[in-house]
Amino acid sequence: MIASSIPKPVDGDSDLLVHAYLDGELDAASYLAVEQMIDANPALSETVTSIGVLQETLRREFPPEPIPSYLKSRIDAAVGTTKRPVRPTWTLMAASVVAAMALSSSSTWLALRTPATNIIMTELVDGHMRALAAPQPIDIVSSDRHTVKPWFTGKIPQSPKVVDLTGEGFPLVGARIDVFGKTPVPTLVYSRRRHLISLTAVLSSDGAFSPYSSRPINGFNIVSWNVGETTYWALSDLNVTELHAFAKLFQQAS
Amino acid sequence: MLVGIDDLAEKERIEVELGKERAEATTDPESEMIARADAKQLESLIAALPVEFRETLVLRDLQGLGYREISEVIGAPVGTVMSRLARARRRLMAAIREGNL
Numbered sequence: 001m002i003a004s005s006i007p008k009p010v011d012g013d014s015d016l017l018v019h020a021y022l023d024g025e026l027d028a029a030s031y032l033a034v035e036q037m038i039d040a041n042p043a044l045s046e047t048v049t050s051i052g053v054l055q056e057t058l059r060r061e062f063p064p065e066p067i068p069s070y071l072k073s074r075i076d077a078a079v080g081t082t083k084r085p086v087r088p089t090w091t092l093m094a095a096s097v098v099a100a101m102a103l104s105s106s107s108t109w110l111a112l113r114t115p116a117t118n119i120i121m122t123e124l125v126d127g128h129m130r131a132l133a134a135p136q137p138i139d140i141v142s143s144d145r146h147t148v149k150p151w152f153t154g155k156i157p158q159s160p161k162v163v164d165l166t167g168e169g170f171p172l173v174g175a176r177i178d179v180f181g182k183t184p185v186p187t188l189v190y191s192r193r194r195h196l197i198s199l200t201a202v203l204s205s206d207g208a209f210s211p212y213s214s215r216p217i218n219g220f221n222i223v224s225w226n227v228g229e230t231t232y233w234a235l236s237d238l239n240v241t242e243l244h245a246f247a248k249l250f251q252q253a254s
Numbered sequence: 255m256l257v258g259i260d261d262l263a264e265k266e267r268i269e270v271e272l273g274k275e276r277a278e279a280t281t282d283p284e285s286e287m288i289a290r291a292d293a294k295q296l297e298s299l300i301a302a303l304p305v306e307f308r309e310t311l312v313l314r315d316l317q318g319l320g321y322r323e324i325s326e327v328i329g330a331p332v333g334t335v336m337s338r339l340a341r342a343r344r345r346l347m348a349a350i351r352e353g354n355l
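Each protein sequence line maps, in turn, to chains A and B. Position 127 (the first sequence) corresponds to 127 in this note's numbering; numbering is contiguous. Position 99 (the second sequence) corresponds to 353 in this note's numbering; numbering is contiguous.
Quick list of in silico lysine to aspartate or glutamate cross-link-like pairs, EDC-like style, CA-CA up to 20 Å:
#1 A:Lys161 to A:Glu229
#2 A:Lys182 to A:Glu123
#3 B:Lys294 to A:Glu61
#4 B:Lys294 to A:Glu56
#5 B:Lys294 to B:Glu284
#6 A:Lys248 to A:Glu168
Source of the hints: derived by calculation from the structure; they are not laboratory data.
Required output: the full structure, derived from the provided sequences and hints.
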């Protein structure tokens, strides 16, 4: 009866992290790690759904103002004040630290993805979003690869491969230079219908970046692959099937 | 109902991108039960929570305070806030379930 409908208890650490995840209290790296953990665990993702529905229901039934008087008096009794503190300027570092400690204490699933990859993906998403938010999402607008390729010369230490995929439905839109860590890197911008694809080439002389299959981050899909010392990262709000098709076409083109 | 695009299956995502109407997401019975709870029921269930769980839940889910802010208000470490909040929500969900049996 009741017991059978209660989701299986999950281990303490991950349970707290799931709540912090839903409350937006995690930093980017922890957020991604928790998301991965949830994806890998159907029972946990069911719990996440239930908690999400609970939060939604509470928001719906108790709009922010005014606080029900009976609750107000109870908070008064319990806390001594209902005065909402001025929102502080400091960030929620403490929660992040707790999260980081909990993350490192349960390292079995953390090993699924390296922190370095998390940082790279966060930077990729940042670069893509910054570009989309700017009045001009690309530094050079051109559908001609013979215009785009020479544009990089002298700006960055590498000459990226630029291919024409117009015939395949991925016209070249232009290019820009992103900064990755402290290194300027070339980013080509292609389009598919009304979606833009940012394709960033990173020289990975240390071979630190392993090819990474796709997964969504804030609605963006990322696909990566290695060619020699170069790691390519394709990022778009396009669906992953077509993004994979793009990646394949790019790899095949010479 | 708003659905994040990350939550969609690949097939659904393609349909959304192609502008097709998305069927209303089906939720499991437990979530439906929770979603049906009204203010009156929730009030009495929240009131029945032990005080330390109740205050954390109210500060977070009704007042919208952050973990650090709650920690300041109740004078307990953030880790305590996290565990109380998790337990408060678990108890509340269980209470909604039992109330609907």
